[in-house]
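*Asks:* Residue strings, one per chain:
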Amino acid sequence: MSTREEKERVDLLQGTLDLLILRTLLWGPTHGHAIANAIENRSDEVLQVEQGSLYPALHRLIKRGWISVEEGTSENNRRAKFYRLTAKGRKQLAVETNKWEKLAGAIAQILRPRAKRK
Amino acid sequence: MNRRGKGLLNDLDQEIREHIELATEENIDRGMAPEEARCAAMRKFGNVTRVKEDAREVWSSLWAEQFGQDIRFALRQLRKSPVFTIVAIFTLALGIGVTTAIFSVVYGVLLRPLPYSDPGRIMAVFEVNSHGGWSRLADPNFDDFHDQNRSFQAIAKYSANFSSVSGASQPTRVTVASVSADFFKVFRIRPIVGREFGSADARKGAAPVALASYGYWKQHLGSSPDLSQANLKLENAVFSVIGVLPDGFQFPQDADLWIPADRDGENPSRTSHNYDAVGRLRERVPVERANADISSIARRIHSTSSEQGDYLLKDGIVIPLRDSLTGKARPALLILLGAVGFLLLVACANVANLLLAQASVRERELAIRSALGAARRRLIRQFLTEAFLLSLVGGGLGVLGAFWGVAGLVALAPGNLPRLDSVSISAPVLVFALLLSSAVAAGLGVFTAVRSTSGDPREALGEGGRGQAGSQSGQRTGRVIVAAQIAITLVLVVGAGLLGRSLIKVLQVDPGFRVDHTGQIVTMEVSRPCVEVPRAKAAQRIFFANLIDRLRQIPGVRGVGATSGLPLVGGGLPDGMFLMLSQNELPKTPDGLAPLLQQKERIGIADFGVVTGEYFKILGIPTIRGRIFDDHDSPSGPHVAVISQSLARERWPKQDPIGRTIEFGNMDGDLRLLTIIGIVGDVRQYGLDLPPRPTVYVNLFQRPRSAITIAMLSDAGTQLVASAARGILADLNPEIPAKFQTFSQIYSASLGSRRFNVILIGFFGITALLLAIAGVFGVMAYSVTRRTREIGVRVALGASSGDVLRMIVNQGLRIILAGVAAGIAGSLVLTRTVESLLFGVTASDPLTFAVVILLLVAAALLACYIPARRATRVDPISTLRYE
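Residue numbers (our numbering), protein chains in the order written: chain W, 22 to 139; chain Z, 882 to 1764.
Simulated from the structure, these hints should not be mistaken for lab results.
There may be inaccurate statements among the hints.
[Unchecked claim] Dumping the calculated DSS-like pairs for lysine-lysine here, alpha-carbon to alpha-carbon at most 27 Å:
#	chain 1	residue 1	chain 2	residue 2
1	Z	Lys887	W	Lys102
2	W	Lys84	Z	Lys933
3	Z	Lys1418	W	Lys84
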């Protein structure tokens, strides 16, 4: 039985990075490095993602059809891959955000039970 | 991995480089030294190799990886028990190989499309007579079909004849097809050299022209593209070859020359069936519509024609040409395919039992794996992989064997099996073998997997360590499989037995001629050009009389007879309507016969044979009454006839036919009356297994014809007689070729398809029997091994070795009897399908059933006895000590 739970924990962690990527792309299509920077900056540098792990995650999202990829030109005029949120991805973002909020809320309640009684 | 993934992964290197460069530049902007900035960027990025691997992982499927694992594991398993693996593979190779070989014959003969453009639209057209039989077309009927149909873009008639052809490199007997105008349009064939027939070529009195086959052109016309010198003498005319058809086109079968039909005008009779017909359907016209179309034309002819009677068509029918060419071979081949399918089932059953036994040995392993969390689905896949490996290797070996088997089949096949030359291991046959192997694999894999993963792992583990692994249900399944094997084997062996008895019965039939000296009869087919003029006919008579006289002088030759058609050869004799007529009733002109043909009491129907008196003696056809032809019957004297016994009985019941006169001129154009002088025995002209038909024989020396077969009874060697005869013929006329055979060859060839079926189904039956016995032996031996402890206890408690023997044999007997019961039921249903191939026995022949059942039960009991004997030698001390 233990294997099942382990699997879900892994999914959860993966899912978090996926959620952040989807959220970042909501502002418009951009390239890999910019996504990494955006996640770092927006979290006030709390979330230190190993930037490389971004790429397998991007591939996974493409495979699921949540984002698409296209050729584009970066700010300093270099050719780069631009990732764009698809309609399916937009829907998924809503679902994932909702899930995440529920989870965060639940964990918060466990960690600070008093907050609930209020 | 899909293409999108591949593209992204290919670009990933570049993308990572860009990323790190951008990060480095940012760091430099923040004031780091270039070197330091790069290091920091790389640190932040992480392990590049792992990133790439992870990305690759996203796209690679888990399934493929596990598949590799399964295969490696399966190979290890199979290597671990080599005896099991080899036996299983060879059993499957046998089953799949034999099935593939038979399928290649079925495919080549029945299924392979004809080698013409859009062959599915080429149809054969027949008349349907008042008895429901199909016949060839009469000229005016064909013309009506041709002019009135709305279904065919082209329709043509054709007929094929053997003719002696001279003028090329050497005189030969060639199949010459007379074809009407649109014949080549039907096949969409155009000459590769020269031109095709024009409308002028078919007109009466036009210069005779012919088209040659590619093979004939190469062999006899020197492959010369200049045809101006290619003139061939056949049928008393010189034909200029005007074109050569493409390689491979030889329709009708073996045709080498094609000439325009009706060069002498059409036959106006609607009841003279002289032509076959083929047509190419218009686009989007289905067979059914063409059939209805032709049928309505035929019925219109039937209702309006003045020529009523049995020989006038009643209806018409259209069927695909391929089916019409192979129609007769179809039932026997489908039966063979069914039989070989049964053999395959028996073979698979053996392998299934082996796999089950193997799986029960691995029960503990499976239990452990499933306890450790392996999903049942995963275990099932493991079994499937093993079954696939076995089946594919077995199938591969089987196909190799089939290459060899097909050569054997083709050699063994009867000469009259159509399209035998297109039988080979072709691509569709290989696809069939692959599908068959996969189906076998899927069946075996799912079966063993479901059977051996359904148990509760705790049970197997709990039982473990006591040396009695294996569930009761697994053993029960094994017994059911063996019973099924016995049942299927019984069906096969009964089928083989019925066919074998039929062959014996056919050989016992009295064919009406002597069969004990067929090896001493040398036959010689001779054909001269066809002639109609009386003077030319007289020349023909003199030629054959001379030839026969000279042949008589060959040393060792004891007698020489001649006939228009030997028994058991080709399509038999022509048949027709004769009139019972006295001399003073004979009308002055042929037209006067028509009203007489409407008088039913005058009409008889009989086959028409042209023979010499000595022919009856040489074949041993007995004279029942009166006399046969002799030297008194001169060409100018009264024309005489000999009739067969069944005709005498049928047409002159309780009367003496001798001395009566008949008119049978429609067969050879000679209207002189025939006086019946004798009655001879019935002859099975069409085959040993077909009833004799009423026959009228006339005298070759009074009614000469162009093509005859000479039968020489000789004590000398066949080769000597043949070469002497060839010399005599060349001496008389070097332009006439001859074909030699012994009558025993003809006799044996007429049994060819029967023998083919008996040999094959007999082989399947024996192989299935051996496999089933191996199956019984395997299951019983396995059961004894498993019950060793139990037997030990029984012996320790006082059971005698007789008790043990009885116990084991009884267990086996129950399986065998269950199988036999099911087999009898199955046979009674299934042998009906072979009914059309049987002769002289019924499909439920009690003797065959009894013998086969006894044989099978005895063999199976023997297979039980050996393990049972072993069980009696179980030593209670040593088995119990294992505890």
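*Asks:* Look at each hint and say if it fits the structure.
*Replies:* Evaluated hints:
A C-alpha spacing of about 15 Å is found between Lys887 (chain Z) and Lys102 (chain W), which places the hinted pair at or below 27 Å, so the restraint holds. Between Lys84 (chain W) and Lys933 (chain Z), the direct Cα distance comes to roughly 16 Å. Compliance with the 27 Å bound is thereby established for this hinted pair. This hinted pair does not check out: Lys1418 (chain Z) and Lys84 (chain W) have alpha carbons roughly 90 Å apart, beyond 27 Å.
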